[in-house]
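Novice: The residues making up each chain are set out below.
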Amino acid sequence: MANIISASHLTLGYSNNDVDIIKNANFKIKKGDFVFITGPSGSGKSTLLRSFYGQLRPTSGNLLVGAQDMSKISKKKLQELRTHFGIIFQDYKLINEWSVAKNVVLPLIIAGYNVDMQETQAKRLLKHVKLSEHADRLPLELSGGEQQRIGVARALAKNPTLILADEPTGNLDEYSSNVIWDLMENANEQLDATVVVVTHRIPNIFSIPYRHLIIENKGIYEVH
Amino acid sequence: MKYIKDHIMFIFPMLAILFGIESFIVFDRMSKSYEQELRADYSMLVLTSKPMELSRFKKLDGSISSVDIMEKRSIVEEMAKGMSGISAEDIMQSLPYFYTVHLGKYLDAKAIEKIRGKLIASEDIKSVETFDQSHNSSYNLFLFIKIVLWVFVGFMTLSSLFLVIKQMEIWQFSHKERMQVMEIFGASTMLRSGILFKRAIIDAVMATILTSALFAFLRFVWVERSNIEILTKNKKLLFEYQDIAILGSIAMLIVIVAVTIVVVGNREGKL
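As they're listed, the protein sequences go chains A and B.
If you count by this note's numbering, then the first sequence holds residues 1 to 224, one letter each, in order.
If you count by this note's numbering, then the second sequence holds residues 1 to 271, one letter each, in order.
Please keep in mind that the hints were generated in silico from the structure rather than gathered at the bench.
We put the CB at the ideal spot given by N, CA and C, even for glycine.
Be aware that one or more of the hints could be misleading.
[Stated by the list, open to error] Label pairs and their computed distance ranges (CB to CB):
#1 B:Leu191 to A:Ser207: 35 to 41 Å
#2 A:Lys130 to B:Leu191: 26 to 32 Å
#3 B:Glu169 to A:Lys123: 37 to 43 Å
#4 A:Asn17 to B:Ile195: 32 to 38 Å
#5 B:Gly62 to A:Lys75: 56 to 62 Å
#6 B:Leu191 to A:Asn186: 27 to 33 Å
Next up, chain B with everything else stripped away, as it sits in the complex:
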């Protein structure tokens, strides 16, 4: 019973840490995916007096990744039908060239305004419409949620670390005499602390398996049943197999640091 209790007392805070870290990983993945979507959906409208190639746009600002010229002939021809004495060619000549300009990365309103400034400074560009207001407000909300999650994960990790350290102190106390007796009989540090490392590594593996299983369950079972569209669409982001390696490595790092603290704290004293 004591053995099981000892394990649970260590696994529990480890689970909390790993849960917090995995939540952060998932949210980070989601935010990157959301940014990608925003970037893909976002474009500026640029009106020019002359036809312009992508290379010219790129010269004006390096973050421009592609440009599409907007086809206006069919609209102009439709317009010309309703007008007497004006040909479609006349209208075409008087209209500027319309381009949709895409960016290589997601930028905030300030950076977009800078690009706008650079573009408008060119004498061939007549006007730039950035449409930044609507998508910027939703992205700001997303950023806010991200910061709140950071704070939450940070707080959870910190408080769980305290629990791990507390458990380490209990281990330190309960293993002190055994380790000192072994040292008196000439045991090496590795042999003295082997039992602690073994126990802590088992707990780290258990915590990694449990956390991974929880997120795998969310991805493969719960999301399917939930019928929540946004989650179903992004279910791949909820758990990836590489997360097991990340969580395992973090758990191992934590136990190695924690056990080393115990071992160093148990240096030979007066028996």
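One chain only, chain A, in its complex shape:
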């Protein structure tokens, strides 16, 4: 299987701070992998994830995402690359003035799908996350678990090759968390999407094979 993410001697940090957050890390994520990245609070899990979608450029070393060198990628290429990603945030990052249905099809709006196509896909996706009856409501009228399901549906809208999730169940109860994990397992198995999840804790019940990367003392190690 081809690598979808490849890091060699990767160092990450913020420009306003000289301290490195990730240092000299080497790892590869293959197409179709389901990867958990864990580590203590402040270890740099979210920072690492941000570097995958180009919000943070490597300080040194190489980071290839979908064959693109993330330290040199142009704005236009990055824009194009991101349309192949599905990103899920801990605090959902939904557009609160848009309806649930419109939020779900954001990637399709960006891709220029026509309104009929958007409506068809919104119905399909909302049915998939069991929120069909909420299509016309605003996100803030729904519970946290429901909002995160909208976030997952949005991430799946365009059959992404890579799903990046930052603490997707961090704010949710056990039931809602299990629903989210089920959706992500399905995305990995049925859509063949590569899934990278940053989390504090790997769920107890997880039915598919996965890899586990751990961040410790600024390094990234694989747990076997």
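Put chain B on the given structure of chain A with help from the hints.
Specialist: Structure of chain B alone, referenced to chain A:
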């Protein structure tokens, strides 16, 4: 309700700016028309010892546009009737030639004095009367009003611009997260800011229509009813259809600059 409030908050300062600009345009048109009237009404009286052609006057000063010779024969003949031993021809020969000299543009007292100096320097010209004092004082008053209006319009535009910028900051804040989320999902700048441009353009069109409607109302309805002679006479100057294009262009320019500031200010940050 919030949607309407958002629009009003932007339309209101835009209206103030456009109202100020249209007031300035109207006053500028009026001042030009007034200048034209002054120029048409104004003439110098020049007395010469020999007959002189327009080309000779023009050689002396380029701002002279036309000259009329004053007919004196009928007056002289009337005068000669009351005098014994002096014929009209004798009087005619002893009198100089009288010319009314018109200028091509309106000039202030200083410039008129310069022309007078050039004319009087010619050996064929005996005397020049400029009559500048009376019309100069009314023009000075007019200039004063014009400057006051400039200051007023400038102040109004400046304070309204501040209101527009304030509203832009509110927009920047309220659209920040949406624009950043869209950017994360790969939306182009145009797509991210499209909604802002759309909203701002609607507001600019509304403000243009409202301002134009107000001045059109003044010209076509209010002035007729007002019976104020000076306004009725100059009602055409209160509003011209080309003003809609001028106001529309200015409004568009303002919104494009304002929205660009918001878009640039919303560059991708840490989500």
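Novice: Indicate, hint by hint, whether the structure satisfies it.
Specialist: Consistency of the hints with the structure:
1. B:Leu191 to A:Ser207: 35 to 41 Å: Given about 39 Å between the Cβ atoms, the range holds.
2. A:Lys130 to B:Leu191: 26 to 32 Å: holds, 30 Å
3. B:Glu169 to A:Lys123: 37 to 43 Å: holds, 39 Å
4. A:Asn17 to B:Ile195: 32 to 38 Å: holds, 35 Å
5. B:Gly62 to A:Lys75: 56 to 62 Å: holds, 60 Å
6. B:Leu191 to A:Asn186: 27 to 33 Å: holds, 29 Å
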